[in-house]
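Chains as they are written, first to last, in my numbering: chain A, 1 to 484; chain B, 1001 to 1166; chain C, 2001 to 2349.
Read the hints as simulated data drawn from the structure, not as lab findings. Fair warning: there could be bad hints in the mix.
Stated by the list, open to error - From the structure, some residues in chain A lie toward chain C, with a derived Cβ separation under 7 Å:
hint : residue
1    : 59
2    : 60
3    : 256
4    : 422
Glycine included, every Cβ here is placed at the ideal spot set by N, Cα and C.
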Amino acid sequence: MAKPGVRGGLRLDAHKERSTAQALRAASPAKTLVLPLDQHAGAPAVPLIKPGERVLCGQPIAEPGGTVSAWLHSPASGTIAAIEPRPAPHRLGAPSLSIVVANDGRDERHAESARAAFDQLSPEQLRELIARGGIVGLGGAVFPTAAKLNSALRVQDLRLLINGAECEPYISCDDMLMRERARDIVFGARVLLHALTAQSCVVAIEDDTPQAAAALEAAIADAHDGRIQLRRVASIYPAGGERQLITAIFDVEVPSGALPADVNTVCLNVGTAAAVAHWIRDAQPLTSRIVTVTGDGVLEQRNLDVPLGTPLAALIYDCGGYTSRMSRLIMGGSMMGQSLPHDDMPVIKATNCIIAASALDLQPRAAEMPCIRCGNCSEVCPAVLLPQQLHWYAAARDLDALEMYGLADCIECGCCDYVCPSQIPLAECFRDMKPALNERLAARSSADAARARFEARTARLERIESEQLAALAKKRQELTKKSS
Amino acid sequence: MLPALLTMVALAAAAGAAAALATRRSNEDKERLIDEIDALLPQTQCGRCTFSGCRPYAAALANGEANIDQCPPGGNATATALAKMLGHEPRPVDPRYGSVPARPLVAWIDESACIGCVKCIQACPVDAIVGASRFMHTVIAAQCTGCELCIPPCPVDCIVMRPAPA
Amino acid sequence: MTAPLPFATAPAPHVVAPSSVGRVMRQVLYALVPTVALHVVFFGPGLLIQIVLGVVTALAAEAAALRLRGKPLPPFLLDGSAIITAVLLALCLPPLAPWWLVVSGVAFAILLAKHLFGGLGANPFNPAMVGYAVLLVSFPARLLQWLPPNVAGFEPAALSFGETLTTIFTGMPPARFTWDAITSPTPLDALRTDLALGMTMGEAHANALFSAFGGRGWEWINLATLAGGGWLLALRIIRWQIPVAMLTALFVCASIMSAADPGEYAGPLFHLTSGASLLGAFFIATDPVSAATSGRGKLIYGAGIGVLTYVIRTWGGYPDGVAFAVLIMNLAVPLIDRYTIPRIYGHAR
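All chains, full assembly: derive it from the sequences and hints.
If you want it as structure tokens, here you go:
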């Protein structure tokens, strides 16, 4: 039987050998750490401290600002220098309100209260505890993990999918994590199984990472937990996309507009699982993450364990600095990463990789030609879309057609861009059109809600009227009976 | 020559008859058409189109008793969409039925002036105003469709239209 | 730390495959070389002159159109699409056709069938086939004046290169020949005429133009076309759906009819190897701009072309039906596309 894999997709050069050649090491401590309050999906966090206050390493410094939000903890001991807008990488350099911590270098830890072993807690208590660790999805979506766990509450036969399929070129942080901290991932998986009351867990990896596979297999064997198994998928980009991976492993499709929980699955990144382990087992909240620093524009390509808030400039300096060939700074991978205008921005929870790209890494586009309808794009689209049609209708801003052809289902993976002989920037075109489409879909759903309320009100008034008429008729009947 | 001509005319007549038959609608189809037209309307339920709500307007459109340019809250986009669906010539909204709002507006009750008479609550077609007799009334902005039906009944004129919150 | 360094930004993805429209078109031209070469072997150098005339006209017409439309000349002029149109049209014309035939056909194709609709990527009809259809309808007799193949059993009037040149440019054969002496019908044309005269298939096939399974000379040219088509398939420049669907449909139609009445209808192998069947299947019908979009759509499109080709060849008014079949199916493409949208991931069937 063929190895499970994604439909369409591309076999890309991985560019991961250089950054995985050396073992993980901790990044050198930075003097100032900048922590944007909105570095997770959902409502921004609300500060708990004020400028001038002293904080300890691991101390909570901001609390969730809404139902879907996350805690934020100080990655170092020191003083709160300021709470002010600072350029943020997830806003491509635009300012975002951030807590600035001046690191005193003493690394004094915040003491966590003693707690019971995780399997002594109820699933609900465990989920609440996970929330307090500031854990968010470390695969890049930074969705608050506790909210994701809570959204799968009423699902029967839940299965856990731990996503180690690191498919995008250049990114190797998950690979290093699996090689060196496989036990943490497995422990985290066991915690999550208990928190979800789920009975099965699959750890998925690509088939081109033998060291990670060996480490995970050893860790799973040592855990003696029959609920967890390792599965390999073909290393085709984007095999690690949540929907694509769920289809490859479990052979079900996540319906459009629905969540994985609707197909009995909760999918979390290996980094998230490890972060859960560090918090639950070692009382270490999410204050650092593994970041791949790579590209021909930086001297030393490797993976580092970096405290959140470390300026990117300091991180590059820690890796020997830029080479003379440095051209473009990218946060993320080569297919979906965002290009940053400067490096005076911090490492955030979403920073999985920094590519200091030179001309060697980049493949610039040639002049854009009209679409010749060759069909290369539709062949590689993992969502089974027709990018040539989407492009055609995007040019006309025909929102009806864009909706029919499934623009909302585009995962912006960039495969279509990659193969286009006319060098059309398709992914960017679709990214640009999505807000217009979302606006129209939102207007339509609010119109649907208004119609529902109107019909309910009409029904209510009719019911009241018919009840009154019935009561009136009854009274008339009684009166006629009395008088007769 | 003549047989060929007659053949062409007969074929054309047959094709035309088939097309006419195909576009005839049964009652069930009529209901579906009304549903489809209603789906294009903004559900403001304001009555500016001279019908008592969006669905009566949709029914009138389906029966050919109304024009496509009678809905100001839907704006020109809705008029064009209706034209496309019904096979009419696209037209902008007729200003006799009202002006097209530049941006979404919602009602806002000046609570300092409200006397708790519930007249606006009874008028709201989508139950977007909460309150009770002699209790404070307030508009739930997220549910207000901007129909402005609450403004005339208010005896103290304490309701104004404001831009919808983001 | 250091002051912020300004880096130039660009949208993702930051790597793209090094492909281009020019590369795609060049591969198609390379794949046509065997066909052109064998054509010259069997029918003389006339084709080369037609190609040169066609390419010059195509580039001139394209440049003029781009200027009129206010578009930049590079990269459009040399993207190869106009050159392919010219070569395909030249392959459809008799080698000794007068110069104004190929010039007017190519000009029509480029100016009216391509640029009037919006240029590269916007033409709903195959430009080469539009040009050919116009010529066929306007000058039917000229297009039937082919040459006998240069094979044993034939005495082709050995025209030198210079004489070929003059014939093309003056529209008159060299003094010592008449048209009848040097021209000959194509196998398809001969078959049609003979069947109309009441001959059976066997009698018609006795003509020296025919070999065991195809037209002599033509079968080799078609083999070369098949090789070129295979090359394009291997490079994934074209997809398998259109050629396979078209040839299968043609094969099936011919098989059914020739099984029913072998005396009246030619066999499938003959149909597959004669006329523009293979050229059409791999080079003409596969023009991506005017073909259907999805895989399923391509199958329907290709099958339609195959069926229509057979119908026009057998019961229609022209010896070869590929051009009109392609144009008719081009008309159907929007409808085919509308009903063959693949099911999107996560959507119900």
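- request: Tell me if residue 60 of chain A is really an interface residue toward chain C, meaning its C-beta lies closer than 7 Å to one of theirs.
  value: Given a least distance of 27 Å, the restraint on residue 60 of chain A is violated.
- request: Mind checking the CB of residue 256 of chain A against every CB in chain C and telling me if the closest is under 7 Å?
  value: Holds. Min distance 4 Å.
Restraint check, 7 Å cut-off on beta carbons, for residue 59 of chain A near chain C: Interface hint status for residue 59 of chain A: violated (25 Å vs cutoff 7 Å).
message: Just to be careful: measuring from the Cβ of residue 422 of chain A to every Cβ in chain C, is the smallest value less than 7 Å?
response: Holds. Min distance 6 Å.
Of the hints listed earlier, those the structure fails to meet are numbers 1 and 2, in rising order.
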